[in-house]
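Student: Protein chains in written order, with numbering that gives the first Met the number 0: chain A, 0 to 298; chain B, 0 to 568.
No lab work stands behind these hints, which were simulated from the structure alone. Everything numeric in this text was worked out from a predicted model, so none of it was measured. Where hints are given, some of them may not hold.
Reference listing, derived: stretches of chain B covered by chain A, where coverage requires no fewer than 3 residues with Cβ under 8 Å from a Cβ of chain A [as the list claims (entries may be wrong)]:
#1 253-261
#2 267-276
#3 480-492
#4 531-545
With the Cβ distance kept under 10 Å, some of the chain A side facing chain B (calculated, not the full set) [said to hold, decoys possible]:
#5 21
#6 138
#7 146
#8 199
#9 202
#10 226
#11 280
Glycine included, C-beta positions come from ideal geometry on N, C-alpha and C.
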Amino acid sequence: MSNSNNMPKRHMGLRTANTVSNVLIYILLVVICIVWLIPFIFILLQSFRVESTCQVGYVIPHTWGLKNYVNLLYSESSGLFGTAFSKWYLNTFIIALCTAVIQTVIVLCMSYALSRFRFKMRKALMQFMLILGFFPGMLTMIILYRVLKDLGLTQANAVPGLILVYVASSGMGYYVSKGFFDTIPKSLDEAARIDGATRAQVLWRIILPLAKPIVIYTVLTAFMAPWGDYVFASYISMGSTAGKNVAVGLYEWLSQDQIMNNYTMFCAGGVLVAIPVTVLFMCLQKYYVEGVTGGAVKG
Amino acid sequence: MYKKRITPALIKLVLGIIAAVLAVLFIITTVASVKAGYSALKPALWGGMLLIAAIVLLAVGSSQLVRARQFNRMVEESGVTVKEEKRATIGDFFKKIFDGIKRFFLSIGNEFKDIITTFINGDWKTKLSYLVMGFGCLARGQILRGILFLLFEIVFIGYMIFQGGYWLSMLPSLGKVGQHKEWVNVGGISVEKMLPGDNSFKILLYGVLTMFFIIAFIYTWRQNVKQNRIAEEIIRSGKKLKSGKSDLRSLVDDQFHKTLLALPLTGILIFTVMPIVFMVLVAFTGYDGAHNGIANLFHWEGLKHFQELLSWSNGSNTYSATFGEILTWTLIWAVFATFSNYFLGMLVAMAINKKGIKLKKVWRTILVMTIAIPQFISLLYVSKMFAKNGLINLFLIDHGIIKLGQELPFWEDPTWARITVILINIWIGIPYLMLIATGILMNIPADLYESAKIDGANSWQQYKKITLPYMLFITGPYLLTSFIGNMNNFNVIYLLTGGGPTNPAASTAAGNAGYTDLLITWLYKITMGEEAKYYMASVIGIMVFVVVGIIALVVYNLLPSVKNEEDFQ
Numbered sequence: 000m001s002n003s004n005n006m007p008k009r010h011m012g013l014r015t016a017n018t019v020s021n022v023l024i025y026i027l028l029v030v031i032c033i034v035w036l037i038p039f040i041f042i043l044l045q046s047f048r049v050e051s052t053c054q055v056g057y058v059i060p061h062t063w064g065l066k067n068y069v070n071l072l073y074s075e076s077s078g079l080f081g082t083a084f085s086k087w088y089l090n091t092f093i094i095a096l097c098t099a100v101i102q103t104v105i106v107l108c109m110s111y112a113l114s115r116f117r118f119k120m121r122k123a124l125m126q127f128m129l130i131l132g133f134f135p136g137m138l139t140m141i142i143l144y145r146v147l148k149d150l151g152l153t154q155a156n157a158v159p160g161l162i163l164v165y166v167a168s169s170g171m172g173y174y175v176s177k178g179f180f181d182t183i184p185k186s187l188d189e190a191a192r193i194d195g196a197t198r199a200q201v202l203w204r205i206i207l208p209l210a211k212p213i214v215i216y217t218v219l220t221a222f223m224a225p226w227g228d229y230v231f232a233s234y235i236s237m238g239s240t241a242g243k244n245v246a247v248g249l250y251e252w253l254s255q256d257q258i259m260n261n262y263t264m265f266c267a268g269g270v271l272v273a274i275p276v277t278v279l280f281m282c283l284q285k286y287y288v289e290g291v292t293g294g295a296v297k298g
Numbered sequence: 000m001y002k003k004r005i006t007p008a009l010i011k012l013v014l015g016i017i018a019a020v021l022a023v024l025f026i027i028t029t030v031a032s033v034k035a036g037y038s039a040l041k042p043a044l045w046g047g048m049l050l051i052a053a054i055v056l057l058a059v060g061s062s063q064l065v066r067a068r069q070f071n072r073m074v075e076e077s078g079v080t081v082k083e084e085k086r087a088t089i090g091d092f093f094k095k096i097f098d099g100i101k102r103f104f105l106s107i108g109n110e111f112k113d114i115i116t117t118f119i120n121g122d123w124k125t126k127l128s129y130l131v132m133g134f135g136c137l138a139r140g141q142i143l144r145g146i147l148f149l150l151f152e153i154v155f156i157g158y159m160i161f162q163g164g165y166w167l168s169m170l171p172s173l174g175k176v177g178q179h180k181e182w183v184n185v186g187g188i189s190v191e192k193m194l195p196g197d198n199s200f201k202i203l204l205y206g207v208l209t210m211f212f213i214i215a216f217i218y219t220w221r222q223n224v225k226q227n228r229i230a231e232e233i234i235r236s237g238k239k240l241k242s243g244k245s246d247l248r249s250l251v252d253d254q255f256h257k258t259l260l261a262l263p264l265t266g267i268l269i270f271t272v273m274p275i276v277f278m279v280l281v282a283f284t285g286y287d288g289a290h291n292g293i294a295n296l297f298h299w300e301g302l303k304h305f306q307e308l309l310s311w312s313n314g315s316n317t318y319s320a321t322f323g324e325i326l327t328w329t330l331i332w333a334v335f336a337t338f339s340n341y342f343l344g345m346l347v348a349m350a351i352n353k354k355g356i357k358l359k360k361v362w363r364t365i366l367v368m369t370i371a372i373p374q375f376i377s378l379l380y381v382s383k384m385f386a387k388n389g390l391i392n393l394f395l396i397d398h399g400i401i402k403l404g405q406e407l408p409f410w411e412d413p414t415w416a417r418i419t420v421i422l423i424n425i426w427i428g429i430p431y432l433m434l435i436a437t438g439i440l441m442n443i444p445a446d447l448y449e450s451a452k453i454d455g456a457n458s459w460q461q462y463k464k465i466t467l468p469y470m471l472f473i474t475g476p477y478l479l480t481s482f483i484g485n486m487n488n489f490n491v492i493y494l495l496t497g498g499g500p501t502n503p504a505a506s507t508a509a510g511n512a513g514y515t516d517l518l519i520t521w522l523y524k525i526t527m528g529e530e531a532k533y534y535m536a537s538v539i540g541i542m543v544f545v546v547v548g549i550i551a552l553v554v555y556n557l558l559p560s561v562k563n564e565e566d567f568q
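If we strip away everything but chain B, and leave its shape as in the complex, we get (with noise of 0.2 Å):
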């Protein structure tokens, strides 16, 4: 609940500061690509994209601004303290994570203060745990937990020995020596021979599974550490101490969630988060194609790859410009791919759902059956249909409508591309929305359109002022993550067009990339071409994720309170 006044103070701060960041961001980068000589194209693209953004932070916080003053004025005039639903702002936003900061290192202060306080005021069972850990469960009678901790000790101290060590060692060279001709002598005779070396990709793989093996390390030790405490404390209070039984059965009542999550987080932990720091890292060294890690060793490069993406210092043809190119056409595709959908889906429920329509049912079957079929069938059909020789132009042609050799360039063309292909998402799209609408609209409240009809509303300010805001309160979470999902969305880019027409400037120079590639077609595409350049890809990777997250974070904390999940239980 909602008791403090807003500050606008705070708010104009906020707002101020990120303006000014953007506009010097925006100075500099022109100035810089003045300097390098580059034409006025591409600073004035990110120039505009910077802008933009300057244009809707300030228009939703000035939003943000009337609101808070009318906020305070109400307060002011009644004198009671309002309650009023939260709703965050940019300066909530920011003071977030600080707190958010704050808090991280105080509870690592209290970690630290707690581990040194047990220890002093433990007995020297719990001292002595410090070093091998279980010992106070095992020698107070808690065998279970005993043997697991100080199983886990031996396996870590093992694996660190004969393993982890090796890896870790290597991890800041990635490799030394690479596959290699030798000598051997072999039965007394001297042949040439193939000798492997380091292995780069290994070096790094297991150098992170070690240090996450090294982080699981320090956390099960605190744990320890944390056991001694609360087993002193019950033992000091006069109870008895959970027998390893108790424990067990624990696993399926009050811990039980501990049970649920094990499989699932491993697996996210492994096939997800592991591959993620891994390719995370792969961006600062030079894996690709040629340096696989084996044959060549890959080494360290640092933020070599992003200044070569970021940099538009360098020429038309270079991943830098590719990237610009590419970023701003997955913005526009994903704008116009979300709401293309969102308003002719709603549109379609609206049509089927309105009183005196018959056979609703038949409709609704017929374009969810089209949800069924496997997307890529249909989606592969369609693009050979408007193929230049597929079905579409050589009908027209059959009929002499056109000429051939003047067939219409629905995949030749970079804009009739682009355009069918939003098109052709609509007719993907409509299916899935008109179901999701459909169900919105029938829990509108029947009132309101009855009291709406009574003042002498007619069918469009009904839906401006009822239908729209409510279809928008409720499906603002997915609005976000189907525009997200529209800006990853790869199979409906690849199926239709593998990303072309090709672009001849970068298709060479930087992976081949087209006129409708989205950036993760782009990614797919440089790590299956010839040079396989993974560290680009993953610098792309990165960057996608930047820009995500950016956005996602922005609309997250202007939505209007996320809905407390606690008021359905």
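Isolated chain A, as found in the complex (with noise of 0.2 Å):
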């Protein structure tokens, strides 16, 4: 943040100790984005690997092909998308978007009550939520497996069983649109209010349209959370293959017994995971940036 080519000429090495600071961040960056894109080029690369199917000492692959692309996706005895991949691919998807929707109504209903209404309990609430978030929620697991198992909704029915859980205390997760509401000025509501509108259509007609940009980073988030989680889903599709999702699926690739014959499977299917979610990230990116930092300065 150092801007010292404003600075008024004092010396004449001025100039130039600015220009090799210049030249060293350039450096100092450019061999960033090298580290951190590194790991990603490399499943790429190794994702096209087919003389091999273990971990080697190199990364361009000698012979290039689909092949493991195609053994995730087809197989003799299931056919075209009857693989297990395929199976843990859809499920994915399947609780992503039913999260993301879901979650979102959620978190905005959430978040607008609270910002807007000061009813009696409501600082309490908030405190009380806080203190809650204090333990780890992987402590609950233990309960919700046994209730759901008796629902009928793990292992191979694992995809409601998820949904469920994912969504049903995302309300916690309030804090980010909160902020975001409470710097919709109150006049505007009060505007609304004195021309006889009722508090749910002050949200839904003047509210709502005003808060998109927290509304796709919160189907965003939400959607984007279910591709990466591995506690509770390894926790309820326990011992079946049906019910995984891909992070369960995956992960059990690169265990011991396995990795030697699905690594290269491991990096074509993390390809695959990864281009839609990316994609769409890339295309809302700045909605994501200003939640983030939003959240962030509001705490």
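Two chains, two frames, a set of hints: combine them into the complex.
Tutor: Below, the structure written as structure tokens:
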């Protein structure tokens, strides 16, 4: 943040010093970008390697091919899209889609109520949820698993069970969007109320159109989270192949006894998972950045 | 606004008490462990942590003391009431707790007073409502409210008779008869059959549920009484009572927040609050894989498991010894993970933001893109890259830099593993921190830097006096949440190392704990392990809560006053 090239020239060395520091920064940035991108480039390259399926000491494949991708999506016994990976992919996609929709509704309800209404237990409620967040969420898994199992929502039927678990407590993540609602002037609400609109109409007709960025941010984060969740998914789909999500499925491919055969398949699977999520993310990047910076400033 | 003068004596007193308590704890623990004949290592560890805590408290407290004195002197010299932004002290914090307790008991007393006076002053409709909920509402024409109250009472009584009573009565014992074999007469022939017994798990679960239901009933009953009082007052003043229609209308208007909050709060209640209450209770029982409540019942066991976790006198490869180690590593990890990301992320953001650097958008986009790729892919890939037979080691062997059998022990050596985990976490975290820091850095008023430059400050001085304080001030709460987040950072640890390398001493006795295990991954391993000691997982979960809670409380009370949320509206 030192903008020294605007400084009054006090001595001759200043310009050169500035150039040197800029060059150093460029070198730093290039190094950073290389370090940050290398693993992803490696995954991409290795997903096209067909001469062996285990880990090797080189990156650029000796023989290129699409065998890994074909194996992911097609097998002779089960046909196209009948493989385990296709099933996991579909599971994760369904979970992500449902979670995104329901979670957004819940988070928006919660944050709007906490931002706009001054009811009796409001402060206490917020403090209570803060304290509740200190408990490791994983602890609840033990009981939720048994309850869901009684309801028949585990193992092969893990998808609805997982959606329920992800969505049910999502109201606790209201901070970022409440911070956003807080910045919309209250005078807008009051003007509409004087014109005879109910509170519900105010939310629907006036606030929501203004809240587009935060709606997109909420949908985006809610959609992305299930792709990477390992803990709950592994617990609830325990022992079943059909109920896994991609994270759990691919994790097992890298276990001691499977890695020799499945390493390059893992890379290909990783690429297939990363592409849609990354593309979506890059398209909506602007909203994500807004949400993250706004949320961090508010705390 | 702060008009009262801060009393240094109060701060001193509180600090003195805390220090004394910590010192006494240290002495007791040392003596107890020496008596038990255990090596000096563990008490030294604990004592060290207590001492550090005491030093931090004293340092913070004394700075508060200096501030208080300066402030008071200023007040005396100027002779006017100075308004200063309120800064909470530790003294305030204890006072707040004390006030809270006082207010709680006072409000309970008031409730009782209100219930009794309403009964004495009320008419016969009100009096009958104490028994038949909603009667007053029905009699006064508020049909909708009356029916809801009455319905709730009927459901509650029905539930308690047919279900709740049983669960509550079983709660103290958690079941008497387990699954058992019995000779049953089937069509004249005696057959030995397995009969289901009580189910401890269900008893505990529905017991908790019933308790919640009872609390809800008491609350509703109280509302019912209150409604009667309000209705009487309205009638006395000659106004009309609200109709059911206007009640419904207010749910989308004045009372819209109730509609909005109903679904989210129900979800939180059922899927977070109740499980947490249940799991806290499990810590006091013997619920594990073998005693799952069906085949073998489990029972209340009191504080036994807390003792098992917290007393270090019973050897070096137990839960208690492992707990100390893992807690220490969890705290070390959280400190490194949080601050390394914070400062390096800030550095990268400043580098990109520097005037004269071109392609700002490109640099940022490349880093942001790495956020988009699901973490488990990058973490798993990097984990295997550093493995013994992974890309890096194989590459080095292929090029003759190291020999086969001399692979770099990234995940095999405890120290290597811990450092590698922290480094990879930097790789994961910097893009995110870069984003946050960029947003804040751009908001720092440029004239601050201009005037600093005129005064001849160099870049480092500008950073130290302007950028850093500004960043710390704004991101204070964020730092706290990210510290807590890192303490519970399951994904990074579990997907990278799986907690390993395994700690041979603790491997069998204490849930396969490894050298990079955090409390949270340890908890996961315990529940997934063969013994599945759920009660131990539960105790550890409570410990996580306690540690996080203490850190959060202290930090929150020392942060500059949390911004007034109304300021923005």
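Student: Look at each hint and say if it fits the structure.
Tutor: Hints, one by one, checked against the model:
Residues of the stretch 253-261 of chain B lying with their CB closer than 8 Å to a CB of chain A number 6, which satisfies the three-residue condition for coverage. A count of 7 residues in the stretch 267-276 of chain B with a Cβ less than 8 Å from any Cβ of chain A is obtained; the coverage claim is therefore met, three being the minimum. Only residues whose beta carbon comes within less than 8 Å of a beta carbon in chain A count, and the stretch 480-492 of chain B has 5; three or more means the coverage holds. Look at the stretch 531-545 of chain B against chain A: 6 of its residues bring a Cβ nearer than 8 Å to a Cβ of that chain, three or more, so the hint holds.
Interface hint status for residue 21 (chain A): upheld, as the beta-carbon distance to the closest one in chain B is roughly 5 Å, under 10 Å. This hint holds: residue 138 (chain A) has a C-beta 4 Å from the nearest C-beta of chain B, less than the 10 Å allowed. This hint holds: residue 146 (chain A) has a C-beta 7 Å from the nearest C-beta of chain B, less than the 10 Å allowed. The restraint placing residue 199 (chain A) at the interface with chain B holds, with a minimum CB-CB distance near 4 Å, inside the 10 Å limit.
Because the closest C-beta pair between residue 202 (chain A) and chain B is about 8 Å apart, less than 10 Å, the hint holds. Look at residue 226 (chain A): its Cβ gets to within about 4 Å of chain B, closer than 10 Å, so that hint holds up. Below 10 Å, beta-carbon pairs count as interface contacts, and residue 280 (chain A) has one with chain B at about 4 Å; its hint therefore holds.
Going through the hint list in order, the structure satisfies each hint without exception.
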